[in-house]
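Asker: Single-letter residue listing:
There are 6 protein chains.
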Amino acid sequence: MPVVEVHLIEGYDDAEKQRLGTALTDAVRSVVPAGPEAITVLLHDLPASDYYRGGTRRTPAPALPDPADLVRAYLAAMEARDLKKAQAMLGDGFTMSFPGTAPMRTLQELMDWAAPRYRFVKKTYEIFDVSQGADAAIVHCHGMLNGEWPDGTLFEGIRFIDRFELKGGRITKQDVWNDMGEVRP
Amino acid sequence: MPVVEVHLIEGYDDAEKQRLGTALTDAVRSVVPAGPEAITVLLHDLPASDYYRGGTRRTPAPALPDPADLVRAYLAAMEARDLKKAQAMLGDGFTMSFPGTAPMRTLQELMDWAAPRYRFVKKTYEIFDVSQGADAAIVHCHGMLNGEWPDGTLFEGIRFIDRFELKGGRITKQDVWNDMGEVRP
Amino acid sequence: MPVVEVHLIEGYDDAEKQRLGTALTDAVRSVVPAGPEAITVLLHDLPASDYYRGGTRRTPAPALPDPADLVRAYLAAMEARDLKKAQAMLGDGFTMSFPGTAPMRTLQELMDWAAPRYRFVKKTYEIFDVSQGADAAIVHCHGMLNGEWPDGTLFEGIRFIDRFELKGGRITKQDVWNDMGEVRP
Amino acid sequence: MPVVEVHLIEGYDDAEKQRLGTALTDAVRSVVPAGPEAITVLLHDLPASDYYRGGTRRTPAPALPDPADLVRAYLAAMEARDLKKAQAMLGDGFTMSFPGTAPMRTLQELMDWAAPRYRFVKKTYEIFDVSQGADAAIVHCHGMLNGEWPDGTLFEGIRFIDRFELKGGRITKQDVWNDMGEVRP
Amino acid sequence: MPVVEVHLIEGYDDAEKQRLGTALTDAVRSVVPAGPEAITVLLHDLPASDYYRGGTRRTPAPALPDPADLVRAYLAAMEARDLKKAQAMLGDGFTMSFPGTAPMRTLQELMDWAAPRYRFVKKTYEIFDVSQGADAAIVHCHGMLNGEWPDGTLFEGIRFIDRFELKGGRITKQDVWNDMGEVRP
Amino acid sequence: MPVVEVHLIEGYDDAEKQRLGTALTDAVRSVVPAGPEAITVLLHDLPASDYYRGGTRRTPAPALPDPADLVRAYLAAMEARDLKKAQAMLGDGFTMSFPGTAPMRTLQELMDWAAPRYRFVKKTYEIFDVSQGADAAIVHCHGMLNGEWPDGTLFEGIRFIDRFELKGGRITKQDVWNDMGEVRP
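Protein chains in written order, with the numbering used here: chain V, 84 to 268; chain H, 84 to 268; chain X, 84 to 268; chain A, 84 to 268; chain C, 84 to 268; chain E, 84 to 268.
Isolated chain V (complex conformation):
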């Protein structure tokens, strides 16, 4: 039934603090089998004049975006074929891998590759799983695909999973798996 105190320089808004509160609670729960109710998180928000490192004041960096929110916005832009908006969320060195194809580097490559494979595809999400790795935030989302094959027939209920790496608030890697190969006509 642990108590977590965090001392940080003030400057984070309520939503960012809520994410921190949840992330710390989950961090404890990944090791200690306590019910959520048993875990208390206390944030001590310090004005910049109350925090010193090496005797020097610091300026807190703006919070990183919520990784799941960013990925949701990217997937919505892709589904709407708003490549410009989606492109703005990508970081340097972005690559993406889809079933049965070599890694691609631009969204246009993906569009070209997909054109003969389906007329459109939509995703229904079951869950977004977020983890923090050593140097990237990782988002996995899985659910079901529905859409239209090139011949005009519709499909639905095809399982998919996407994995995203985010660095500095940008998507740098997307890997996609799905069951299209099992069911493609």
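Source of the hints: derived by calculation from the structure; they are not laboratory data.
Here a beta-carbon is modelled for each residue, glycine too, at the ideal position from N, C-alpha and C.
There's no promise every hint is true.
What the hints assert, rightly or not - Derived DEER-like restraints, expressed as beta-carbon distance ranges:
{"no.": "1", "chain 1": "C", "residue 1": "Pro130", "chain 2": "A", "residue 2": "Ala217", "range": "23 to 31 angstroms"}
{"no.": "2", "chain 1": "A", "residue 1": "Thr236", "chain 2": "X", "residue 2": "Lys205", "range": "35 to 43 angstroms"}
{"no.": "3", "chain 1": "C", "residue 1": "Arg141", "chain 2": "E", "residue 2": "Gly226", "range": "34 to 42 angstroms"}
To be verified - Cross-link-like lysine-lysine pairs, in silico, BS3-like; alpha carbons within 25 angstroms at most:
{"no.": "4", "chain 1": "A", "residue 1": "Lys250", "chain 2": "A", "residue 2": "Lys168"}
{"no.": "5", "chain 1": "V", "residue 1": "Lys206", "chain 2": "V", "residue 2": "Lys256"}
{"no.": "6", "chain 1": "E", "residue 1": "Lys206", "chain 2": "E", "residue 2": "Lys168"}
{"no.": "7", "chain 1": "A", "residue 1": "Lys206", "chain 2": "X", "residue 2": "Lys256"}
{"no.": "8", "chain 1": "V", "residue 1": "Lys256", "chain 2": "V", "residue 2": "Lys168"}
{"no.": "9", "chain 1": "C", "residue 1": "Lys250", "chain 2": "C", "residue 2": "Lys167"}
{"no.": "10", "chain 1": "V", "residue 1": "Lys206", "chain 2": "H", "residue 2": "Lys167"}
{"no.": "11", "chain 1": "C", "residue 1": "Lys206", "chain 2": "C", "residue 2": "Lys168"}
{"no.": "12", "chain 1": "E", "residue 1": "Lys206", "chain 2": "E", "residue 2": "Lys256"}
{"no.": "13", "chain 1": "V", "residue 1": "Lys167", "chain 2": "V", "residue 2": "Lys205"}
{"no.": "14", "chain 1": "X", "residue 1": "Lys206", "chain 2": "A", "residue 2": "Lys256"}
{"no.": "15", "chain 1": "V", "residue 1": "Lys256", "chain 2": "H", "residue 2": "Lys206"}
{"no.": "16", "chain 1": "C", "residue 1": "Lys168", "chain 2": "C", "residue 2": "Lys205"}
{"no.": "17", "chain 1": "C", "residue 1": "Lys256", "chain 2": "E", "residue 2": "Lys206"}
{"no.": "18", "chain 1": "A", "residue 1": "Lys168", "chain 2": "A", "residue 2": "Lys256"}
{"no.": "19", "chain 1": "E", "residue 1": "Lys256", "chain 2": "C", "residue 2": "Lys206"}
Chain V is fixed; fit chains H, X, A, C and E onto it per the hints.
Answerer: Frame of chain V; chains H, X, A, C and E shown alone:
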């Protein structure tokens, strides 16, 4: 450059504390864009006689197993076809879904399903991503499959990803995606 | 020479914090034989956005009334025979016991019982002692009674002690002892 | 749902810490209407080499005895007429007041005063209420008296309440009220 | 890589807190060989209503002046021969000692003593070293003297060091050493 | 009446902690005009397994020597003309400056320079003042010299002050001022 203090009842070993130290550091880094060096975690290990909730002493529950370690051990047992050992790691209500098949409930079902599909399969792992959800720990691992088709030809370099849910230190759900459908002869 | 830190959600006023500061100081002094000067109490008042339990924000409940103040107000109302005001301070299941009588449940019962025993009675208080029990706050006050017997003679200097139980800010039990039986004409 | 941290020099045993844990929980509950479960108390036991006041190390004083335990022991000794044992628990300037008598200073005075009033008396306790005042610990206990009048008849069910002041682990004042005057034959 | 937390009653301004942040960092570094970056200082500024000693609120005393700033101002006033301004910075029992002379008690004594020794002298400072003693703050400053001898020739590059004791924000002692005796014509 | 908490990795001995306790108390007193009694320092000694920076455990560096003790030992070695012992306490780039001479780099230079100036000299110390600068510990000591001139006459009561810089536990700079030039025969 946040400082995290955790007060908990003593009883966790060095490896469990290391996991806690890492998880808390990652939790902060999921919101605050600080380099790892800028995040300090302090554990205050309290003897049971120094912790009271409602004026009553408590006994700390044993730590949960490392989710990635548990999944690794399960996958190794499955690869070695040691069903008994793998079975022992499964929780109540376990289900698993593989490409192109309905959910299965027993490992034997999986064995039977796989028998006509490949003679054996081995996995090479690129990474294990662990996240903590509201009521389950989630492990994703992805990498490459190699093995032997029923006709005796070998295959390799087939992408896969597995997603596991763990509750109370047992695996309760496994979902598998891979590119076999794209390349199956 | 202990230092006490309390982390609580903000919302308590200065007087309520003063009561908390005093109660915590006294709590330490009930075990540790330190002079009051040696005990420091620090309250860390956290905005609701800085406190999480189970990853969820909480709303602090309004402070309980000061038990001694509540009892003082009740006794003043009774002395002024303002039964309506006194009644409003009583909780469900209220009972009171006086010397030589069965438990009573209403203030009117008390009035009826006292009528033939004295014309009026006033209390002078020496001290109010407050303690916190497992499920009730306890107030004891003792001092001297003065008043007028039915025959018109005055009395004074009769020792009394009252014991009150308070739950949820209401008086649920009153027990009265005094020396009237020793001196009653 | 407050969290209380106490920093103190080590040297208190498990029972003393339990008393401190309970007293601090009760102190919070006297102001904040939280259920006991919502209050966490953390004791940080510091070796003497980790505590400095004015740059100087300190030696913690031995804990005070539990006031209720001390009073219980005193009352048991008195009931057993072990005056020597009871006397050893009294502090300088001890006084006691009983119904209808002037303050007494020695236990022998009490014995002499009681001799013609009852042959023996025993107490049954309902509760011990402990509070900490500015310079004394206060214990109230109340319950029922039973015993034998000088004429050999027995009595029982007579209400009583005792109030004790304790300083430095010794009883310095005892005040007794009861309903004997109401029922004395 | 220590973390220092200070709990103090609010009322100190940014510059005073900066001095405290630096002084605490240096205090740690005087024992622990950590780079400044490795030392974090957190100030917890408590409103007066959140701090209790002996159950009583306290008023924080105004900060002491920066010892080096005070000494700099005094030396500037002396160099400008503004004795009135300099005098106002001196505390009770002030004494000063210069090379080859008995202790003096007034600034005028110094002026009279110096008159036949040099026409004027100016100081160039290399560093101000500040330490806190048991009952005084100590400032040492050293550097070079330049000026004019009584015969009108100029001098420069003569080493000097001053030591000051400050109590309660006033200078109570000044000791001066220099190499004039080595080079005086 | 501030409370200072320090969280550090265990490994410092009692004497080193005492130095830390004193240094932190003095640091607070350099800004806050509180009596020493009003300042509490609490050291939280964490086992290495309870401290994480960037999710990684750390090894605490051995404490720096007490600067005043080191300087005392050096001065004693010099007075005893034990150049080898004194030399071992000097750091890279050591320089020393004496009245009326250019900076010297070796102790032998000093011996040679002093030979024609006095037969021997002894120091009586009034006080050692220690301060911690940005990248060096500073020790000043002052007091009186006594000794013997080359002509065999004795001298005493000559004021001196030494200033030392210490880096990494070695002396890197010594500056000496005294009144010999004022009184030299």
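Asker: Compare the structure with each hint and give your call.
Answerer: Right, here's what the structure says about each hint:
1. Pro130(C) with Ala217(A): 23 to 31 angstroms: At 25 angstroms between Cβs, range holds.
2. Thr236(A) with Lys205(X): 35 to 43 angstroms: holds, 37 angstroms
3. Arg141(C) with Gly226(E): 34 to 42 angstroms: Given about 40 angstroms between the Cβ atoms, the range holds.
4. Lys250(A) with Lys168(A): With Cα atoms ~18 angstroms apart, Lys250(A) and Lys168(A) stay inside 25 angstroms; holds.
5. Lys206(V) with Lys256(V): Roughly 19 angstroms between the alpha carbons, so the hint for Lys206(V) and Lys256(V) holds.
6. Lys206(E) with Lys168(E): holds, 18 angstroms
7. Lys206(A) with Lys256(X): Roughly 22 angstroms between the alpha carbons, so the hint for Lys206(A) and Lys256(X) holds.
8. Lys256(V) with Lys168(V): Distance of about 17 angstroms is within 25 angstroms: holds.
9. Lys250(C) with Lys167(C): holds, 20 angstroms
10. Lys206(V) with Lys167(H): violated, 37 angstroms
11. Lys206(C) with Lys168(C): holds, 18 angstroms
12. Lys206(E) with Lys256(E): Cα-Cα ~19 angstroms, so holds.
13. Lys167(V) with Lys205(V): With a Cα-Cα distance of about 19 angstroms, the restraint between Lys167(V) and Lys205(V) holds, given a limit of 25 angstroms.
14. Lys206(X) with Lys256(A): With a Cα-Cα distance of about 22 angstroms, the restraint between Lys206(X) and Lys256(A) holds, given a limit of 25 angstroms.
15. Lys256(V) with Lys206(H): holds, 22 angstroms
16. Lys168(C) with Lys205(C): Roughly 18 angstroms between the alpha carbons, so the hint for Lys168(C) and Lys205(C) holds.
17. Lys256(C) with Lys206(E): Satisfied, since the Cα-Cα distance of roughly 22 angstroms is no more than 25 angstroms.
18. Lys168(A) with Lys256(A): Given pair Lys168(A), Lys256(A) holds - Cα atoms ~17 angstroms apart, limit 25 angstroms.
19. Lys256(E) with Lys206(C): Holds, at about 22 angstroms.
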